[in-house]
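Peer 1: Spelled out, the chains give:
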Amino acid sequence: MRPVGAAPDARGPDARGPDAGGRENAGGPDAGGLDAGGPGAGTAPDGGGAPDASGGPDPGGGPNRAGADVRSADLTSVVVALTRALRERGVPITPAESADAARALDVVDLRDRDEVRLALRAVLALRVENYVVFDDVFAALFAAAEDPGAPRVPWPRGAHASAHAEAEGATPPRAAATPRPLSLAGWARPEAADDAEPLGVPAMSPHEALRRKDFSDFGAAELDEVTRVARRISRRLATRPSRRWKVVARGARVHTRRTLRQALRTGGDPLVLAFRERKPRRTKLVLLCDVSGSMELYSRFLLQFLYAMQNAFARVETFVFGTRLSRVTGELRGGPYAEALERLGRSVRDWSGGTRIGACIAEFEAGWPRLVDRRTAVVVLSDGWDTGEPDVLAGALARIRRRAGKLIWLNPLLGSPGYRPLTRGMQAALPHLDVFAPAHDLASLERLAHIVGS
Amino acid sequence: MRDEIRRIRELMEREAYVADPAIATSVHLALQLGKPLLVEGPAGVGKTEIAKVLSRALDTELIRLQCYEGLDASTALYEWNYPKQLLRIKLEESAPGTVAEKEAAIFSEPFLLRRPLLEAITRERAPVLLIDEIDRADEEFEAFLLEVLSDFQVTIPEIGTIRATHRPHVVLTSNRTRELSDALRRRCLYLWIDYPSFEKELRIVRTKVEGLDERLAAQITGFLQSLRRMDLSRAPGVAETLDWARALAALHAAHLDEALVRETLGCLIKDEGDLRRVEEELAAGRLEALAG
Numbered sequence: 001m002r003p004v005g006a007a008p009d010a011r012g013p014d015a016r017g018p019d020a021g022g023r024e025n026a027g028g029p030d031a032g033g034l035d036a037g038g039p040g041a042g043t044a045p046d047g048g049g050a051p052d053a054s055g056g057p058d059p060g061g062g063p064n065r066a067g068a069d070v071r072s073a074d075l076t077s078v079v080v081a082l083t084r085a086l087r088e089r090g091v092p093i094t095p096a097e098s099a100d101a102a103r104a105l106d107v108v109d110l111r112d113r114d115e116v117r118l119a120l121r122a123v124l125a126l127r128v129e130n131y132v133v134f135d136d137v138f139a140a141l142f143a144a145a146e147d148p149g150a151p152r153v154p155w156p157r158g159a160h161a162s163a164h165a166e167a168e169g170a171t172p173p174r175a176a177a178t179p180r181p182l183s184l185a186g187w188a189r190p191e192a193a194d195d196a197e198p199l200g201v202p203a204m205s206p207h208e209a210l211r212r213k214d215f216s217d218f219g220a221a222e223l224d225e226v227t228r229v230a231r232r233i234s235r236r237l238a239t240r241p242s243r244r245w246k247v248v249a250r251g252a253r254v255h256t257r258r259t260l261r262q263a264l265r266t267g268g269d270p271l272v273l274a275f276r277e278r279k280p281r282r283t284k285l286v287l288l289c290d291v292s293g294s295m296e297l298y299s300r301f302l303l304q305f306l307y308a309m310q311n312a313f314a315r316v317e318t319f320v321f322g323t324r325l326s327r328v329t330g331e332l333r334g335g336p337y338a339e340a341l342e343r344l345g346r347s348v349r350d351w352s353g354g355t356r357i358g359a360c361i362a363e364f365e366a367g368w369p370r371l372v373d374r375r376t377a378v379v380v381l382s383d384g385w386d387t388g389e390p391d392v393l394a395g396a397l398a399r400i401r402r403r404a405g406k407l408i409w410l411n412p413l414l415g416s417p418g419y420r421p422l423t424r425g426m427q428a429a430l431p432h433l434d435v436f437a438p439a440h441d442l443a444s445l446e447r448l449a450h451i452v453g454s
Numbered sequence: 001m002r003d004e005i006r007r008i009r010e011l012m013e014r015e016a017y018v019a020d021p022a023i024a025t026s027v028h029l030a031l032q033l034g035k036p037l038l039v040e041g042p043a044g045v046g047k048t049e050i051a052k053v054l055s056r057a058l059d060t061e062l063i064r065l066q067c068y069e070g071l072d073a074s075t076a077l078y079e080w081n082y083p084k085q086l087l088r089i090k091l092e093e094s095a096p097g098t099v100a101e102k103e104a105a106i107f108s109e110p111f112l113l114r115r116p117l118l119e120a121i122t123r124e125r126a127p128v129l130l131i132d133e134i135d136r137a138d139e140e141f142e143a144f145l146l147e148v149l150s151d152f153q154v155t156i157p158e159i160g161t162i163r164a165t166h167r168p169h170v171v172l173t174s175n176r177t178r179e180l181s182d183a184l185r186r187r188c189l190y191l192w193i194d195y196p197s198f199e200k201e202l203r204i205v206r207t208k209v210e211g212l213d214e215r216l217a218a219q220i221t222g223f224l225q226s227l228r229r230m231d232l233s234r235a236p237g238v239a240e241t242l243d244w245a246r247a248l249a250a251l252h253a254a255h256l257d258e259a260l261v262r263e264t265l266g267c268l269i270k271d272e273g274d275l276r277r278v279e280e281e282l283a284a285g286r287l288e289a290l291a292g
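Listed in order, the protein sequences are those of chains L and Y. Going letter by letter, the first sequence gives residues 1 to 454 in my numbering. Going letter by letter, the second sequence gives residues 1 to 292 in my numbering.
To be clear, the hints were calculated from the coordinates, so they are not data collected in a lab. Treat the hints with care, since some could be wrong.
Said to hold, decoys possible - Straight-line C-alpha distance at most 20 Å; calculated SDA-like pairs for lysine to any residue:
(1) Y:Lys90 <-> L:Gly267
(2) Y:Lys84 <-> L:Ala263
(3) Y:Lys90 <-> L:Gly268
(4) Y:Lys84 <-> L:Leu264
(5) Y:Lys90 <-> L:Gly334
(6) L:Lys279 <-> Y:Asp72
(7) L:Lys279 <-> Y:Leu71
(8) Y:Lys84 <-> L:Arg250
(9) Y:Lys84 <-> L:Val254
(10) Y:Lys270 <-> L:Pro336
(11) Y:Lys84 <-> L:Arg333
(12) L:Lys279 <-> Y:Lys90
(13) Y:Lys90 <-> L:Asp269
(14) Y:Lys102 <-> L:Asp269
(15) Y:Lys270 <-> L:Arg333
(16) Y:Lys84 <-> L:Gly334
(17) Y:Lys102 <-> L:Leu271
(18) Y:Lys90 <-> L:Thr266
(19) Y:Lys90 <-> L:Leu260
(20) Y:Lys84 <-> L:Lys246
(21) Y:Lys84 <-> L:Pro336
(22) Y:Lys200 <-> Y:Arg215
(23) L:Lys279 <-> L:Arg258
(24) Y:Lys84 <-> L:Leu260
(25) Y:Lys270 <-> L:Gly334
(26) L:Lys279 <-> Y:Glu69
(27) L:Lys246 <-> Y:Leu71
(28) L:Lys246 <-> Y:Gly70
(29) L:Lys279 <-> Y:Tyr68
With the sequences and hints as input, model every part of the structure.
Peer 2: This is the structure in structure tokens:
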């Protein structure tokens with residue numbers, strides 16, 4: 001706390017608005033909760049010593065422009081500018097969060113830019129994927145606020161090594177954190193916010209964007225996201241209840257018959273309850289993935305998916321095919337992705353060659369009959385460009401269909417608007433499929449769980 | 001920096017927790033705004049530790065709800081002590097009194113088994129409520145939790161509504177094995193903790209492990225940092241760093257060498273494939289911390 005009247009310092013305490021000042025002075029009822037902590041926890045009399053920036057000469061003219069009287073109304077417009085910019089970048093903000101952001105500004109040191117950033121980020125960026133966008137928007141607003149003359153220059157990222165942020169681990173681009181007076185006046189002007197949106201970036205959070213991105217421009221970095229989707233699918237498959245019951249130690253339903261039988265031992269009083277619940281349905285998956293030349297764009301990414309599924313779900317059998325069929329369950333299982341690819345490369349010979357879908361699927365049907373039963377969903381991932389006889393394909397699919405619980409064809413091309421499944425192969429396959437669905441992005445893959453489950 | 005935030009940092013450091021500004025600010029906000037704090041990050045970076053340290057710093061109780069698949073409301077909130085109720089009925093079979101009276105007697109506080117959530121809202125002093133690994137609970141439980149976290153009140157049909165006397169300080173952690181709902185996120189303040197930087201990790205090692213040579217501490221930290229760059233399937237967290245540092249301290253090691261690392265690698269690497277890869281790197285002399 002600055003000694004009152006130590007300096008004719010109009011901007012310091014006032015800039016924080018009457019509310020904030022009051023709370024800090026009083027030590028605050030809220031702060032009391034923390035004070036319980038330990039010795040020396042009371043409002044430190046010399047506390048004001050550290051945020052020196054405030055006491056020192058003010059480098060910029062900014063803060064004083066508003067006549068040193070920035071009130072909570074201005075804080076509100078700061079938040080409004082920030083939340084609007086965030087929304088435009090695809091980070092959804094609800095009014096309740098905006099209100100919390102304003103409250104957050106009340107309880108931090110407004111002269112400490114990094115603290116303001118961290119506080120607003122805790123309220124407004126609710127997943128780590130939004131951190132980058134948030135830091136960007138925050139920095140841009142700051143740049144605009146501090147230099148209204150050149151609003152389009154983004155904050156020089158990493159220009160100063162920040163004393164605070166150094167300890168903070170790896171949050172990518174961050175605003176420089178040198179404690180500088182926060183010029184709320186400029187920040188709050190709506191047009192400052194308008195000026196500060198020059199960053200021609202997709203209006204979607206990275207998370208969203210990833211989900212919609214076509215596999216064809218997928219990089220290896222997305223493996224994490226694919227893995228997450230695979231885990232979600234496997235969870236859903238693993239926890240689907242069947243019609244059968246089993247006895248469990250604790251559950252939501254009482255197993256009446258068993259409870260009564262046990263009650264015989266305690267003189268008819270059901271002292272010990274028995275429970276029962278549905279057995280999980282043991283869905284199995286067989287994935288047949290086309291890795292021929294025409295699928296080249298997608299096969300790299302579908303492989304990531306196959307790898308992720310193989311390692312997330314216990315009951316998956318995976319095959320890849322071009323001109324020949326290869327079982328790759330063992331190759332994909334375990335170890336890091338790079339190693340799995342290496343093993344695949346050694347054992348699969350016909351990458352990106354021609355396609356004989358019909359022959360390969362017939363080979364699967366004849367060679368591994370025991371993999372397919374009523375509880376199995378067979379999933380073909382292919383664009384349907386078959387160079388063989390359509391009858392072969394149709395026959396193989398029809399036979400699989402009779403034995404499998406479900407026959408699903410995922411076609412990456414189905415994601416593009418103009419596509420019609422007119423190839424001879426696709427035409428031959430369609431009558432035998434339970435489901436024909438796209439597989440060009442993560443969202444479409446995620447639907448697999450529902451398709452298989454229904 | 002706000003005084004309170006500095007104080008939180010000091011208090012946490014006193015409890016041997018190295019808190020960076022992001023952590024201190026989030027904790028401060030959580031206390032001030034009375035919102036739960038959702039902490040996400042890879043395993044072993046000290047997410048759970050935040051709640052523990054916070055409870056010690058506030059000198060208040062820590063109530064922990066460990067989440068797992070199948071966790072339901074009765075395990076988390078309350079349950080009637082059913083065997084005890086039956087016994088009471090038996091004992092008072094011939095006692096006078098109306099059915100309604102007897103019923104009221106067995107559906108009263110002494111027959112209530114308080115589970116962590118109910119416990120947390122009925123304490124005299126606001127405790128720290130740690131809801132650990134919320135991502136492992138089912139989605140229905142998340143929805144239920146949302147209800148409790150928004151009102152801090154619980155309705156028990158036989159007793160009535162119990163309102164929190166003091167709102168607990170809530171910390172939720174998640175390892176991201178499952179995406180949490182937006183609704184839950186919106187109830188919370190959010191904090192992502194990544195693996196620490198070299199400087200931070202070195203500070204943690206020095207704070208937490210006694211009797212460790214200064215140079216060795218730096219070597220340990222450097223080695224861990226290079227391990228994390230290897231993209232292992234199970235990268236070692238800070239907990240592993242500390243285990244290892246303690247083991248080395250117990251062995252009175254003065255510096256790292258290849259043989260020592262090989263012998264003690266089990267503290268750090270808990271996956272067979274990873275182990276193989278690290279050993280290869282070691283043999284090839286590619287792990288930089290050992291070079292010096």
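Peer 1: Each hint needs a verdict: does it hold in this structure or not?
Peer 2: Going through the hints against the structure:
1. Y:Lys90 <-> L:Gly267: holds (11 Å)
2. Y:Lys84 <-> L:Ala263: holds (15 Å)
3. Y:Lys90 <-> L:Gly268: Status holds; Cα separation ~11 Å.
4. Y:Lys84 <-> L:Leu264: holds (18 Å)
5. Y:Lys90 <-> L:Gly334: violated (58 Å)
6. L:Lys279 <-> Y:Asp72: holds (17 Å)
7. L:Lys279 <-> Y:Leu71: Holds, at roughly 17 Å.
8. Y:Lys84 <-> L:Arg250: Within the cut-off at roughly 18 Å; holds.
9. Y:Lys84 <-> L:Val254: holds (18 Å)
10. Y:Lys270 <-> L:Pro336: holds (14 Å)
11. Y:Lys84 <-> L:Arg333: Outside the cut-off at roughly 51 Å; violated.
12. L:Lys279 <-> Y:Lys90: violated (36 Å)
13. Y:Lys90 <-> L:Asp269: holds (9 Å)
14. Y:Lys102 <-> L:Asp269: holds (17 Å)
15. Y:Lys270 <-> L:Arg333: Since the Cα atoms of Lys270 of chain Y and Arg333 of chain L sit roughly 18 Å apart, the hinted pair holds (cutoff 20 Å).
16. Y:Lys84 <-> L:Gly334: The given pair, whose Cα atoms are some 50 Å apart, is violated under the 20 Å limit.
17. Y:Lys102 <-> L:Leu271: holds (19 Å)
18. Y:Lys90 <-> L:Thr266: Holds, at about 12 Å.
19. Y:Lys90 <-> L:Leu260: holds (17 Å)
20. Y:Lys84 <-> L:Lys246: violated (27 Å)
21. Y:Lys84 <-> L:Pro336: At roughly 53 Å apart (the allowed maximum being 20 Å), Pro336 of chain L and Lys84 of chain Y break the hint.
22. Y:Lys200 <-> Y:Arg215: holds (16 Å)
23. L:Lys279 <-> L:Arg258: Holds: Lys279 of chain L and Arg258 of chain L sit about 17 Å apart, inside 20 Å.
24. Y:Lys84 <-> L:Leu260: holds (18 Å)
25. Y:Lys270 <-> L:Gly334: Given pair Lys270 of chain Y, Gly334 of chain L holds - Cα atoms ~14 Å apart, limit 20 Å.
26. L:Lys279 <-> Y:Glu69: holds (15 Å)
27. L:Lys246 <-> Y:Leu71: Distance of about 18 Å is within 20 Å: holds.
28. L:Lys246 <-> Y:Gly70: It holds: about 15 Å lies between the C-alpha atoms, which stays within 20 Å.
29. L:Lys279 <-> Y:Tyr68: holds (18 Å)
Hints 5, 11, 12, 16, 20, 21, counting from the list given before, are not met by this structure.
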